[in-house]
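*Asks:* When you get a sec, could you build the whole thing from the sequences and use the hints?
Protein chains in written order, with this note's numbering: chain A, 1 to 322; chain B, 323 to 602.
These are computed hints drawn from the structure, not numbers from a lab. Keep in mind that a hint or two might mislead.
Claimed, not checked - Listed below are the simulated PhoX-like cross-link pairs for lysine-lysine, each with C-alpha atoms no more than 25 Å apart in a straight line: (1) A:127 x B:385; (2) B:575 x B:560; (3) B:560 x A:236; (4) A:236 x B:385.
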Amino acid sequence: MLRFILFRLLHAIPLLIAVIFVVLLMLQLIPGDPVQAMVGDFPVSPEFRAAITKQYHLDASFPVRVYSYFVNLLHGDFGYSYQFQRPVLDLIVETAPRTILLTSVGFLIAIPVGVLIGIISGTTRNKRVDHFWTSLALVAYGIPIFWLGQLLVLVLAVHLGWFPTQGMGPLVSHAHGFAWLRERAHYLALPALAFAVHEGTRFARIMRASVADTLGQGYIITARAKGLTRWAIIRKHVLRNSCLPLISVAGYVLGSALGGAVLLETVFTWPGLGLLLVQAVRMRDNMTVVGIAIFAALAVIVINLVVDLLYAAIDPRIRGSS
Amino acid sequence: MSAASVESAPLLSVRNLKVHLRVGEAIVRAVDGIDLSIEQGESIGIVGESGSGKSTLARAILKLLPNVELAACEGEVNFRGLDLAGISDPALRDLRRHHGFAMIFQDPLGYLNPTKRVGAQVAEAIGGKSFGSIGDRVQQLLAEAGLPSPAQIARRFPHELSGGMRQRVMISIALASEPALLFADEPTTALDATLQLQVLETLRRLHRDRQMAMAIISHDLGVVAELCNRVYVMRDGKVLESGDTVEVFESPKHPYAAQLIELSTRHRRHAAPVGSKAVP
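*Replies:* Structure, rendered in structure tokens:
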């Protein structure tokens, strides 16, 4: 198992290099003066231009610049954001945990809810219970997440005043310990709920299909012939075998959300990677965009590794072949 | 079970059983009015070409049909004096767990849970208290089904076993409830010739040692001839002919039965010799 993990991590290195290369290539293809883009709408002095050109080897050919970017990366230098006046790495280290907090809380709500609804409707297929949950899940999943977010803000925050409308915490906070946690949870509730509703219904649909599929398998008939109760069959035979499709979809969802839940964070002004990305793109802060892209790629790679490990843990047939 | 009344009655009696399946818009009469009976400790065969309704018949009797595809299921099924048509779920589960009936299937790979160790799959079929631990009982059952080194096999997953071993695991699962009646649906079809003989030998031994009634469903008349005292010949959901195996096979009354037997023996003559002793 350890060898498998090491092997996969080694595999991740060329993948990461390829991602960085493609992002740099895309930035290369964007028209415009990179020095001007860096400072924004200000006049650029020749000395500054010369310094920047020298620092980032802008006069060098594209391969040389890619090479120097990688050399900088290896020294832990993700470049400097002139718009935020801070090193890109600092920005990412500060914002990434917020995105991780939001998506993981939303995810931890979405998974059990989705699995539960999926099992209920998958095991009562084409009955009224199933129709109810299937339609509900379809409607909820069909609502765009930004609109759902705004709806939640309007009803629960603006009208009822139960939750704050945006942000991650009060400007000035003196709370510590448990009170601090409660304060955070208050701000986290709505965006996490929006995420959970959207992704939970997606998970429910996946789970329903795979539960129904599992119920059609021969070993379910064997289990019935053994005289197991309906609940024992679901628990011992259906659940585990129905999880595989859910895990790959959930991994995809979590991986892409960790790279910045752009819409969600924009609606709730949650100051995570998604919001940072929007700001960076708007201000043509290329170094930050590349930095976030690297982080997003890293998140997807790590989650994929976890997905593969879970697959192997759940299905012994996969364990044998790898 | 009250001995006096049951002894004379058959273990299983089926009267006018009809199973109509919904296939898209159409309705297929998979089982169309079948009468059948099995005595205590008896061994019967049900033969017929594929699609004749053999498997559906077995599953309808043992109440293993999926509800969604059913258009109709009627008739009388009596097991040890119990009416199976109107039986409650707990009573049915009790029959399956303790000394009632069990079934083994044609495709043991599909009918074993791929993500569970086979020992655990046998263990959950064991009904009630047994001597010693469940683990000992599992090994005992695996050994009884003819598996060597059962302790090791119990820790394996289905895909790590050969086809013959998987079918033996299925047999262990079926034996776990110590059934009075075992339905075997094409038990050897998925196996190659040598393994077929070994598995048949195991079934014969269990039938003899346990005094267990058996119903062997097969399109292979040779299998039925080896194991069964009585045979039912089926086609299109109906029983065309039934009676003593030797009598039916030697002098079939129905032209279809004659044709089936003729084809089967011709096929056997062309096939590799099957009678040779199995390599263990």
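*Asks:* The structure should be examined with respect to each hint, and the outcome stated for every one.
*Replies:* Checked hints:
1. A:127 x B:385: holds (21 Å)
2. B:575 x B:560: holds (15 Å)
3. B:560 x A:236: Violated, because 38 Å separates the two Cα atoms, which is more than 25 Å.
4. A:236 x B:385: The given pair, whose Cα atoms are some 21 Å apart, holds under the 25 Å limit.
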